[in-house]
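Asker: Could you build the full structure based on these sequences and the hints that come with them?
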Amino acid sequence: METRDIVYIALFAAIVAALALFPPIWLPVIGVPITAQSMGAMLAGGVLGAKRGSLALALFVLLVALGLPLLSGGRGGFGVFFGPTAGYIFGWIVAAFVIGYLTERFWDRLNIFTAALICIVGGVVVLYAIGVPWSAVVAKVSVMQALTGSAPFIPGDILKAVISALVIVTVKRSYPLLGSRSAA
Amino acid sequence: MITDLYVRGDTVVHRTHPGVKLLLLLVLSTIVFVIDTWPVLALATAFVFVGYWLAHLKPGHAWRALRPVLIIFAILFLAQLYLADVWLATYVVLRFAVLILAATLLTLTTKVSELVDGLMAGLAYAPAWVPREKIALAIAMTIRFIPRLRDQFHDIRDAQRARGLDRSIVALLVPLVVRTLKDADDIARAIEARSID
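Quick mapping for you: the protein sequence lines, in order, are chains A and B. Take the first sequence: its position 50, counting from 1, is numbered 50 in the working numbering, and each next residue is one higher. Count along the second sequence from 1, add 1000, and you get the number used in the working numbering.
Since the hints were made in silico from the structure, they are not lab data. Among the clues, some could well be false.
Straight-line Cα separation of at most 30 angstroms, DSS-like style, residue types lysine-lysine; simulated pairs [unchecked claim]:
#1 K1134/B / K1058/B
#2 K51/A / K140/A
#3 K1134/B / K51/A
#4 K1182/B / K1134/B
#5 K1111/B / K1134/B
#6 K172/A / K1111/B
#7 K1182/B / K51/A
#8 K1134/B / K172/A
In this text, all values refer to a predicted model and were calculated from it rather than measured experimentally.
Answerer: See below:
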C-alpha cells in the first residue's frame, strides 16, 4: 500500500458520502425510492479494484459507525447497524471487493455490457445474498419472505448497475487505474 | 464542516468513557438476541429509557432516530401480523426500536473525535502488521475531504445545468470521479514531498 493508494481509498470513501446528495429517484409503477449511494460500492470496485475498493467502503462504513451522518437522508451512528437492513451496509464492502476482482480479471475486455454484468453480479446478486438472509434472521421471517420484501428494489438496483457501468467504462477511458500498464 | 449527531451535555452518560458505552451496547444487543424472551426485552427497554433520561435527551431525539425506519417497521409489523400473531409482530418491531435507540444513545452522547481517539488508542494494542498510521491518515483525510467533495458536487451540477445535462447521473458522476482521482494524485505527491510515509 503506497501513499497514493491510501489517498484513493480516503477520497473514494468521501465520494460515497457525497453520493448521499443525489436526490432519490422514484421509480414509476413500483413506487420505491432509489438512492444513488448504493452505487458507491459498484463505482469503488469498478474504478479502484478489489482491494482499494473494498477498503474505501470499509472506511466509509467505519465513519458511519463513528457517528457521522453520511448515509442518504443524513442517517448515521451505531443505530444504523441494528436495523433490519444492516446486512446491505456490510454487504457493500463485499460487493465492492467482488466487483473490483471481476473488473481486474476482465479489464482488457471491459465494455458497457461486461461492466454492467459485473456490477449486477457484485452489486445485486452478492449484495442480496448477504442482505436478504440478514434481514430474515433479525426480523424473524423466512428467507423467501425477506426476498419478497426486497424484490421491489431489484429493478432500481439493476438500473444503478447499468449507470455505474457507464461511469466505470468512461472513467477507464480517461483515467485507467487498473490493468498492467498503470498497475498500482 | 460536517456536523455530527452529538448533542452537547455534561451528564453521567456523556462523561462515561466511550469504550465503556460501546461495551455496554455490545453486551445489551448480544443478550437481547441470545436470550430471546419478553422479560429480557422489557428489561432492555427500561435500561435504554433510563439511559435517555440520565442523558437529559428529549423524546424528539429518539423520534429522529426512528423516523427513517418507520416504513420498514410498518411493513415488518404487518408481515408478522399476517404470518404469526400480534405478539410476535410487536416483539420484533420493539426489539429493533430498542436496539436502534440504544445504539443512537451512544452516538448522541459521544463526540466523533472521542470515538476516533478511542479507536486510535485501541489500535496501539493491535498486532504490528496493522498499518496504524495509514489507517489514521485515511480517516483524517476522508473527514477533511467530505465537505470538499460536496462542494465539487455542487460545482459540477451547476456546470452541467448550464449545458442542460444536470438530469443525467452519468454526466454528474464521471467528472466527480475523474476530478477526484486527479486530486488524489496531487495530494499523494504533496504527502510524499513532506516525507510522511
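Asker: Hint by hint, say whether it matches the structure.
Answerer: Do the hints match the structure? See the list:
no.: 1; hint: K1134/B / K1058/B; verdict: violated (39 angstroms)
no.: 2; hint: K51/A / K140/A; verdict: violated (34 angstroms)
no.: 3; hint: K1134/B / K51/A; verdict: holds (15 angstroms)
no.: 4; hint: K1182/B / K1134/B; verdict: holds (20 angstroms)
no.: 5; hint: K1111/B / K1134/B; verdict: holds (22 angstroms)
no.: 6; hint: K172/A / K1111/B; verdict: violated (39 angstroms)
no.: 7; hint: K1182/B / K51/A; verdict: holds (20 angstroms)
no.: 8; hint: K1134/B / K172/A; verdict: holds (27 angstroms)
The structure fails to meet hints 1, 2 and 6 from the earlier list, while all remaining hints are met.
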